[in-house]
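A.B. asks: Just need the whole structure built from these sequences, with the hints factored in.
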Amino acid sequence: MSQEPTIRSRVLRAIGFRNASAIWVLVVIVVVFSITIPETFLAARTWTSLLDTQVVVAITALALVIPLAAGSFNLAVGAQVGVSSMMVGWMLVSIGLPVVPAIGLTLAASALIGLLMGLVIVRFHIDSFIASLGFSSLLAALVTFMSGGRQILGMPSELVDFGTARVVIFTYPFLILIALALVCWHVLERTPLGRRIYATGGNLEAARLAGIRTNRIIVGTLVACGLLSGVAGVLVTARLGNSDPTIGPAYLIPAFTAAFLGSTQFKGGRFNIWGTLLSVYVLAAGVKGLQLSGAPTWIPDAFNGIALLVAVGLASSARLGGRPSLFERLRHRRVTAQPLEPLQQKDA
Amino acid sequence: MSQEPTIRSRVLRAIGFRNASAIWVLVVIVVVFSITIPETFLAARTWTSLLDTQVVVAITALALVIPLAAGSFNLAVGAQVGVSSMMVGWMLVSIGLPVVPAIGLTLAASALIGLLMGLVIVRFHIDSFIASLGFSSLLAALVTFMSGGRQILGMPSELVDFGTARVVIFTYPFLILIALALVCWHVLERTPLGRRIYATGGNLEAARLAGIRTNRIIVGTLVACGLLSGVAGVLVTARLGNSDPTIGPAYLIPAFTAAFLGSTQFKGGRFNIWGTLLSVYVLAAGVKGLQLSGAPTWIPDAFNGIALLVAVGLASSARLGGRPSLFERLRHRRVTAQPLEPLQQKDA
Amino acid sequence: MSDHLLEVRSLSKAFGDNYALRDVSLTVASGEIVALLGHNGSGKSTLVKVLSGVYQADSGDVSWGDAERPTSLHVVHQNLGLIGGLSIAENIDLATSHRPGWIVPTRRGKERREVRDRLRLFGLDIDVDTPVGRLTAAQQSIVAIARAFQMGGSGRNVLVLDEPTAALHGEEATLLHDAVKAAAAAGCGVIYISHRLPEVVDLADRAIVLKDGEVVAEKDRGSFDQSDLVRIIAGGEPPKHHASTSAASDDVRLKVSDLYAPSIRGADFEVRRGEVLGVAGLVGSGMEALNGTLFGATTAASGTIKVDGRLVGASAAQAVDAGVAFVPADRRLRGSIGQFSARENLTLTSHSGLLSRLGAIRISRERTEATSWMGRVRVRPLGAAEQRFDLFSGGNQQKIVLAKWLRTSPGVILLDEPTQGVDVGAQTEIYRLISEAADEGAAVVVCSSDSKELASLCDRVIVFRDGVISGQYSGARLTESALVAATIADGAAVPKEGVSS
Amino acid sequence: EDTNDDAGGVDVEAAQAAIQPYLDAPSAFPVTEPLETLPTGKRVALLDCGSPVCGLFAAIAVAPAEALGIELVRIEAGTTADGVAAAFDSVLEGGFDGVFVPALAPSLWERPLAELSAAGIPVVTSGVTGVDTTAVAVAGASEPSTELSGRLMALWAIAQDGADTDVVFYVTPEITFLNLLGEVFTETVTEECPGCSVRVVDIPVATFGSTAPQIVVDDLLAHPNTTAAVFGAGEQAIGLPSALTTADIEVKTLFNAPDPAVLAGIQDGSYTAGFGLDLPVLTWTMVDSLARLMTDQEPAEAATNDELVRQFLTIDNLEGDVSHGWTGYPDFADRFLALWADAN
Ligand SMILES: Nc1ncnc2c1ncn2[C@@H]1O[C@H](COP(=O)(O)OP(=O)(O)OP(=O)(O)O)[C@@H](O)[C@H]1O
Ligand SMILES: Nc1ncnc2c1ncn2[C@@H]1O[C@H](COP(=O)(O)OP(=O)(O)OP(=O)(O)O)[C@@H](O)[C@H]1O
Ligand SMILES: [Mg+2]
Ligand SMILES: [Mg+2]
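Heads up: the sequence lines are chains A, B, C and D, in that order.
Sequential numbering from 1 applies to the first sequence in our numbering.
Sequential numbering from 1 applies to the second sequence in our numbering.
Sequential numbering from 1 applies to the third sequence in our numbering.
Sequential numbering from 1 applies to the fourth sequence in our numbering.
Rather than coming from a laboratory, the hints here were simulated on the basis of the structure.
C-beta atoms are modelled at their ideal positions from N, C-alpha and C, and glycine is treated no differently.
Treat the hints with care, as some may be off.
Stated by the list, open to error - Label pairs and their calculated CB-CB ranges:
{"hint": "1", "chain 1": "D", "residue 1": "Gly120", "chain 2": "C", "residue 2": "Arg362", "range": "24 to 30 Å"}
{"hint": "2", "chain 1": "D", "residue 1": "Asp132", "chain 2": "A", "residue 2": "Arg13", "range": "50 to 56 Å"}
{"hint": "3", "chain 1": "C", "residue 1": "Glu480", "chain 2": "A", "residue 2": "Arg10", "range": "38 to 44 Å"}
{"hint": "4", "chain 1": "A", "residue 1": "Ile95", "chain 2": "D", "residue 2": "Thr133", "range": "24 to 30 Å"}
{"hint": "5", "chain 1": "C", "residue 1": "Ser352", "chain 2": "A", "residue 2": "Leu115", "range": "26 to 32 Å"}
{"hint": "6", "chain 1": "C", "residue 1": "Ala182", "chain 2": "B", "residue 2": "Ile15", "range": "42 to 48 Å"}
{"hint": "7", "chain 1": "D", "residue 1": "Ala14", "chain 2": "A", "residue 2": "Arg150", "range": "30 to 36 Å"}
As the list claims (entries may be wrong) - The list that follows gives simulated cross-link-like pairs (lysine-lysine, DSBU-like), each with its CA atoms no further than 35 Å apart:
{"hint": "8", "chain 1": "C", "residue 1": "Lys452", "chain 2": "C", "residue 2": "Lys211"}
{"hint": "9", "chain 1": "C", "residue 1": "Lys452", "chain 2": "C", "residue 2": "Lys255"}
{"hint": "10", "chain 1": "C", "residue 1": "Lys211", "chain 2": "A", "residue 2": "Lys267"}
{"hint": "11", "chain 1": "C", "residue 1": "Lys219", "chain 2": "C", "residue 2": "Lys181"}
{"hint": "12", "chain 1": "C", "residue 1": "Lys219", "chain 2": "B", "residue 2": "Lys267"}
{"hint": "13", "chain 1": "C", "residue 1": "Lys219", "chain 2": "C", "residue 2": "Lys452"}
C.D. replies: Here is the structure:
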C-alpha cells in the first residue's frame with residue numbers, strides 16, 4: 001500500500017472532519033454571524049481585537065502543550081502566569097527596576113519554577129498531576145505574599161505601550177505569540193528533540209530504554225512551560241497596565257480546553273501547536289459573535305461547551321467510527337471512483 | 001514468595017509511610033498545634049466544626065473517586081454540585097415543590113447529567129477529560145440560566161434545619177457522608193462490581209477483553225458520580241440556607257486534590273475511599289490549625305501545597321525509590337530482613 | 001453439523017485496503033485441538049479478535065453450537081489482556097462471568113485459595129495478591145492461561161490460545177500442553193495458535209494454515225509433519241541457518257564482574273568482538289534479569305559492567321551512548337511507542353544522517369530508511385512505514401523493535417527472547433541479521449528460554465541457576481539437549497565446563 | 001447591657017448620635033431634578049461581572065432603561081482579565097452611546113476606559129473605587145460614600161459595646177473599595193475609642209463560597225472576646241450561619257451593603273444588622289444619570305457627589321421581600337417616572 005496519495009486527496013484529508021473538525025466549526029461560526037450581524041462581526045477592528053485579546057490564553061495553551069506532549073500535566077500553569085504577572089509588576093514598581101532587567105528576572109524566575117516542579121516530579125517520583133496541583137497552591141501563596149492580595153498599579157509606560165503598540169494591524173503581543181508558536185512547532189514537529197518529547201509522552205519506559213534521558217526531557221519541558229507562562233504573565237501586566245493577583249488561575253481551564261481540543265486536530269490525538277492555536281481562536285470567535293449579537297449571558301458558556309463537544313466528537317467519530325463518516329462518504333462519492341487495489345499483495 | 005506475612009508486619013506495613021503517609025502528616029499537625037495552641041486546637045467545637053465544614057468537599061471527592069477508579073476524569077464535578085444546589089433551590093422556592101420531591105427530582109436530574117456525560121464519552125468516543133470540560137461549561141450556562149446569576153433565597157426551614165441538626169455531636173450531613181463512604185467502600189473494594197470498575201480503570205482494552213461491559217461501567221460510574229455530587233449540592237443549599245450560583249466550581253480543586261492524595265494512601269496508587277476521606281481531613285486539620293494560630297492568608301495555601309507534596313513524596317519514594325526510605329530501613333532493621341521485591345516496571 | 005462447537009463461514013475483515021482475513025471458514029468440534037498457523041500478520045489474531053467480538057467482521061458469520069446449548073468462549077489473547085494494576089487473584093476473577101451477583105461481597109479467603117491451587121496446576125506458586133504488573137512475562141502468561149481455563153460446567157467450551165507459549169518453555173510449556181490435552185479430553189474444543197511447530201505436531205488434531213488472511217492448507221493429524229508445515233508457512237524451504245563463521249577475536253567488548261542485582265547473585269563473564277553469547281536458565285534463575293541489568297534498565301546492586309573499557313550500567317542512556325542495544329522481552333510495554341508510526345519507532349534511537357542543516361528531520365529520507373529496514377526484517381504489510389506501531393501484528397512488532405536497534409550498528413547487542421512470536425521464515429532471517437551484526441564486530445548476548453535457539457545461534461552459552469552461572473557450553477558440547485538438562489537438572493548431575501565464580 | 005457609660009475615653013453617646021440619622025429611616029432621595037430630553041433609541045452597554053451583585057444591577061436596570069426607551073445590552077465580562085478585555089472590546093466595537101459598569105476592578109479596564117473617554121462616550125460606575133475620575137462621569141458607591149460607610153459602621157460597633165469593643169473587620173483585598181473601607185473603619189475605631197481593639201482579617205476572593213466561613217470561624221475561635229464581626233461584602237459570609245452554629249459561636253454581625261442573602265439572614269435572625277444600600281435607587285440613579293449624559297444634561301447633584309440612600313437594617317426594621325435587595329423608598333419607580341414624565 002505504499003502508493004503515494006495524490007495532492008488532492010492529501011489536502012482533502014488534511015481538512016476533513018477527522019483532521020480539522022475545528023475548521024468546520026469556525027466556518028459555521030463565520031457564516032452564521034456574517035449573515036446575522038454583518039456590520040459588527042465583519043468589521044476589521046473586531047478581528048484585530050479578537051486576535052489580540054486571546055494572546056495570553058494562546059501563549060498559556062502553548063506553554064501547556066509542551067509538557068503535555070511529554071506526558072506531564074501541569075495544573076499550575078494558570079498560577080505560573082499569575083506569579084510572573086505579579087512578579088514583573090513587583091520588580092518594576094515595588095523594587096523599581098528598569099523594564100529589561102525586570103522582565104529578564106521574571107522570565108528567569110518563571111523558568112526556575114518550572115525547573116523546581118520538574119525536579120520534584122522526577123526526583124520524588126510524584127505524579128505530575130499531583131505535583132502541579134501542589135505547586136499551584138504554593139504559587140497562589142506566593143502571589144498573595146507578594147501582593148498582599150492587592151493590585152500593583154503604575155507600570156512604566158514603556159511596558160504598557162509595548163502591550164498595545166502595533167505593527168500594521170497586529171499588536172506586538174500577537175507577533176510574539178506567532179513567533180513562539182513557530183519556534184515550538186519547529187522543535188516539536190521537526191527536530192529529534194521533539195520526537196523524544198513525544199516518545200517520552202507516548203511510553204515513558206520504552207523511551208527510557210531507547211536511550212532517551214526521559215528525566216531531562218520532563219524537566220526540560222516544564223522549564224520551557226515555565227518560561228512561556230512567564231512570557232504570558234509579563235504580557236498580561238503589559239496589557240492591563242497593572243498587576244492583578246486574581247488573574248492567573250482563570251487561564252487554566254481555557255488553556256487546557258484549547259490544548260485538548262487542539263490535540264484532536266491535525267495530528268490525530270497528539271498534542272500539537274497549530275491545533276491548539278486554532279482551538280483558541282475558534283472558541284473565541286464564537287463567543288465574540290454571540291456577544292456582539294447581544295445573546296444572554298449564559299449563551300457564551302453554553303457555546304464553549306457545545307463547540308468543544310461537537311468539534312471533538314466529529315473528530316473522534318470520523319476517526320474511530322466503524323463506518324465512514326457522512327463527510328467521508330460524500331467525499332468518496334464526489335471525488336472519484338478509484339479502482340480497488342489488488343486485494344492481495346504478494347511478497348517481494 | 002508465597003510466605004504469609006505476620007500480623008505485626010502487616011500492621012506496620014499498613015501504617016508505614018508507603019501506605020499511609022498522610023496519617024504521619026496528621027500526627028505532626030496534631031502534635032504541633034496541641035503544643036502551640038492547645039486551648040483552641042483541642043477544643044471540642046473546633047473538631048465538630050472541622051468534621052462538619054468539610055462534608056461537601058468530602059462527598060464531592062467521593063463522587064470523583066468513582067469515575068476516577070474506572071479511568072474517567074470528571075472535571076465537571078464542581079459544576080455538577082453547583083447545578084444541583086441551584087436546582088433544589090429553584091424547585092423549592094421558584095416552583096414551590098415540597099422538600100422531598102424537590103430533593104428527589106434534583107438527585108434524579110443530577111444522575112441524568114452523569115448519564116448524559118457518560119453517553120457522550122462512550123458513544124462519541126470523546127476523552128473523558130474533554131467531555132467533562134465541555135460539560136462543565138454547559139452546566140455553568142445552566143446555572144446562570146436557572147438563576148439569572150442571582151441567589152435564590154428563602155429555603156424552607158425543614159431543609160435548613162436538616163443541614164445543621166445534630167445527633168450527639170455529629171451533624172446530619174456528616175452522618176450522610178459516613179454512610180455514603182461506607183456504601184462506596186463496600187462496592188468498590190468488596191464486590192465484583194467494584195473489581196470491574198478498577199479493571200476498567202486499570203486497562204480499558206484488557207477489561208473489555210475479559211468480558212467486562214466497560215461502556216456500562218463508565219456510564220454507570222458517571223451516573224453514581226452525578227448522584228453523589230447531587231447529594232453534595234443539596235447539602236450545600238441546606239447548609240447555606242440559599243442557592244448561590246457561584247459556589248460550585250470552588251469544590252473542583254479540593255476534591256481532585258483529596259482524590260489524588262488519597263490514591264497514594266492505603267492502596268498503593270489506587271483511588272480509594274478511605275484514603276480520600278483521610279486526605280480531606282488531614283489538609284483541613286492543617287489549615288484549621290494555621291488559621292487558629294492567626295497565620296497570614298497565604299499560609300494555608302502554602303500549607304496545602306507543601307502537605308500534598310510531602311505526603312505524596314513520602315509515599316512514592318517509599319514505594320518506588322531505588323533504595324528503601326529511611327523509615328523502611330529502620331523498620332527492616334527492627335522487624336525482619338525480608339527479601340527485596342523485584343524492581344520491575346510500573347503497571348501497564 | 002450441530003456437533004460443532006464453533007463454525008466460521010466465509011469470514012472477511014479488512015483494515016483500510018488491507019485484508020487481514022479473506023473468506024476464512026473453519027470448524028471446531030468437541031474434543032478437537034485445531035492448530036492455527038501462518039506467517040506474522042497472516043490474520044490469526046484478527047480471527048481471534050473477531051471471534052471474541054473485539055472486531056466486527058466485514059462479511060461472513062460465526063455460529064456457536066446450537067441454540068439450547070450455546071458454546072462459551074475462553075480466550076488467551078496474544079497480549080494476554082491482563083490488568084497490570086490489579087492483583088493476580090483479581091485478574092483471574094474478572095473472567096468469572098457466572099459470579100452470583102454484582103454487589104454480593106467477594107469471599108476473599110476462598111477466592112485466594114482457589115486461585116492459588118489453580119496456578120499450582122501450571123507450576124506457579126506465588127502470592128496471589130501480587131500486582132500482575134510486577135510479574136515476569138512468563139508468569140503473566142501463566143496467569144492469563146489459568147484464567148482462560150476457568151470453564152463453566154456445560155462442557156460446551158471453546159478455548160482459544162493465541163501464542164500461549166511465546167514466553168513459556170520447558171516444564172511450564174509441558175504443563176500447558178497437558179492441560180490442553182486434558183481440556184480436549186473433557187470435551188472442550190481448542191484453537192491453538194503457535195509458531196512453535198514441534199508442539200503443534202504433538203498437539204494438533206488438525207492444522208489450518210493462513211497466508212495473507214486466506215486459508216491455504218488444512219491437514220489432519222498424521223498427514224503433516226514439521227517440515228511440511230514449514231514449507232507451507234514459509235512458502236518454500238527457508239534457508240538453513242549457519243552459525244557465525246568468523247572466529248571470535250580476543251578483543252573483549254563486554255566485561256561483567258561480580259554483578260549483583262535482584263535475582264542475580266554474583267556473575268562474571270566476558271563477551272568478545274564477534275561472539276554470540278547465549279544465556280540459558282529458568283524463570284527466576286537470573287537469566288531474564290541479566291540483559292536489563294547490563295543495559296541499566298534496572299540498576300545493579302553492585303558489580304561492574306564495562307563496554308569497550310567504559311563503565312556502564314547506571315542508566316539506559318549511558319549504555320546507548322556506549323553503543324549498547326537492548327531488545328526487551330516485552331516489546332509492547334518496554335520496546336516501543338505504540339502511538340508512533342513504524343517509521344518514528346525505527347529511527348527513535350538515532351537520527352544521525354537524517355537531519356537537514358537546520359537540525360530538522362528530513363521526513364522523506366527517514367521514510368526511505370524505515371522502509372528499507374522493514375524490508376530487511378520482512379515486516380508485513382510491506383512498506384507500511386506510516387502505520388501505527390500498535391496496529392502491527394505481534395511478530396511484526398518484534399521485528400520492528402529488532403530493526404530499530406540493528407540500524408544503529410551497536411557494539412554490544414543485548415537480546416531478550418529475540419524471536420518470540422516470530423514466524424519460522426522470519427526467524428531464520430533474524431538469526432542471519434544477528435550473525436551478520438556479530439560478524440561486523442558486535443558482541444551479542446542472547447537471553448532465551450528456547451534451548452534450540454541458543455544451540456543453533458550461539459557460539460557459547462552460559463547457564464544461570466539460582467542467580468549464579470552454573471555452567472558453560474560451547475563447540476560440540478553445545479547441544480539443545482545439554483542445555484535443557486543443564487537448566488532443569490540438579491547441579492551435581494550436569495556435566496560442567498569452566499564454571500565461573 | 002448598659003452601653004451608655006462613658007468609660008475608657010469612649011464617647012458612646014456621640015457615636016450613637018452620629019449613627020442616629022441612619023437608624024430609623026433611609027437617607028434622602030438622591031434625584032429631584034426633572035429630566036428634559038428623553039434618550040430614546042440610545043444604546044447602553046451594561047458590563048456583567050458575573051457575581052450575584054452584578055446580576056442584581058443588571059436585572060434592576062432593565063425597567064428604567066425600558067421606561068426611558070434605552071436599548072440596554074448586557075455584556076458578560078466575568079472577573080477574568082481576558083473576559084473583561086474581550087467584553088470591553090465588544091463595547092468599543094458595538095457603537096454604544098453610554099456604558100454602565102458595576103463592580104468591576106478598575107485595574108482590569110483602565111485601557112478601554114481611556115478609549116471610551118477619548119471617544120466621548122459617557123461611562124457611569126457603581127461600586128468601583130480607584131477609577132480615573134476624569135474619565136468617569138458619575139461614580140456611584142465610590143470613595144465618598146465608602147468613607148462614610150467605614151466611619152458609620154465603626155461608630156455602630158462602638159455604640160454597641162462601648163469600651164469593651166473588640167471588633168474585627170473582614171476585608172477582601174482583591175476588591176479595591178474594601179481596602180478603603182477597612183482603613184477608614186480602623187482609623188475611626190482607634191480615634192473614637194483608643195481603648196477598644198480592632199483588627200482587620202483578610203478573606204481572599206478565592207475563598208468565597210468555599211473556605212471563607214472557616215476563616216471567619218477560626219478567627220473567632222482564636223479571638224473569643226470578639227464583640228462584633230463586620231463584613232465588607234456579603235460574599236464573605238456565604239455559608240457562615242451554619243458554620244457559626246456548628247462551632248457554637250455567637251457574635252454580633254454587621255454587613256456593609258447587604259445583598260439579598262444577607263438581608264434574608266437579618267430577617268431570620270442569623271445576622272444582627274446591615275448598613276443597607278438602596279441598590280434599586282442607585283441603579284435607577286445611574287441609568288438616569290446616563291440618560292442625562294447622553295442627552296447633554298447635567299446629572300443629579302447627589303449622584304455626582306455620591307450621596308446614597310442608606311440605613312442601618314435590623315430584624316426590627318427590615319420587612320417584606322428582600323430577594324431583589326433592600327430599598328428605602330418602595331415608591332422609587334414612581335418618583336423617577338414622575339421626574340421623567342415631562343421629558344420629550
Ligand atoms: N486495528 C488494526 N488496524 C489496521 N491494521 C491491523 C489492525 N489489526 C491488525 N491489523 C493488520 O492485520 C494483519 C493481521 O494481523 P494479525 O494480528 O491478525 O496477525 P497474526 O497472524 O496474529 O500475526 P502474528 O503471528 O505476528 O501475531 C496485519 O497486517 C496487521 O498489521
Ligand atoms: N496472598 C496469598 N497468596 C497465596 N495464598 C494465599 C494468600 N492469602 C491467603 N492464601 C491462602 O488462602 C488460604 C485462606 O486464606 P484466608 O486466611 O484469607 O482465608 P479465610 O479468611 O479463612 O477464608 P474465608 O474468607 O473463605 O472463610 C490460606 O490457606 C492461605 O494459604
Ligand atoms: Mg497474532
Ligand atoms: Mg505472533
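A.B. asks: Between Lys211 of chain C and Lys267 of chain A, does the CA-CA distance stay at or below 35 Å?
C.D. replies: holds (34 Å)
A.B. asks: Confirm or reject the claim that Asp132 of chain D and Arg13 of chain A have a C-beta distance inside 50 to 56 Å.
C.D. replies: Because 54 Å falls inside the window, the suggested range holds.
A.B. asks: Given the hint of 38 to 44 Å, check if Glu480 of chain C and Arg10 of chain A actually sit that far apart at their C-beta atoms.
C.D. replies: violated (53 Å)
A.B. asks: Straight-line Cα separation of Lys219 of chain C and Lys181 of chain C no greater than 35 Å?
C.D. replies: holds (19 Å)
A.B. asks: Is the hinted pair Lys219 of chain C and Lys267 of chain B satisfied, with a Cα-Cα distance of at most 35 Å?
C.D. replies: It is violated: about 52 Å lies between the C-alpha atoms, which goes past 35 Å.
A.B. asks: Does the beta carbon distance between Gly120 of chain D and Arg362 of chain C stay inside 24 to 30 Å, or does it fall outside?
C.D. replies: violated (60 Å)
A.B. asks: Can you confirm whether the C-alpha distance between Lys452 of chain C and Lys211 of chain C stays at or below 35 Å?
C.D. replies: Holds, at about 26 Å.
A.B. asks: Is the distance from the Cβ of Ile95 of chain A to the Cβ of Thr133 of chain D consistent with 24 to 30 Å?
C.D. replies: holds (29 Å)
A.B. asks: Hint check: Lys452 of chain C vs Lys255 of chain C, CA-CA at most 35 Å. Holds or violated?
C.D. replies: Holds, because 26 Å separates the two Cα atoms, which is no more than 35 Å.
A.B. asks: Could you grab the alpha-carbon distance between Lys219 of chain C and Lys452 of chain C and see if it respects the 35 Å cut-off?
C.D. replies: holds (26 Å)
A.B. asks: Taking the CB of Ser352 of chain C and the CB of Leu115 of chain A, does the distance hold inside 26 to 32 Å?
C.D. replies: Holds, since Ser352 of chain C and Leu115 of chain A (Cβ atoms, about 29 Å apart) stay within the stated range.
A.B. asks: Range first: 30 to 36 Å. Now tell me if the beta carbons of Ala14 of chain D and Arg150 of chain A are that far apart.
C.D. replies: holds (33 Å)
The structure fails to meet hints 1, 3, 12 from the earlier list, while all remaining hints are met.
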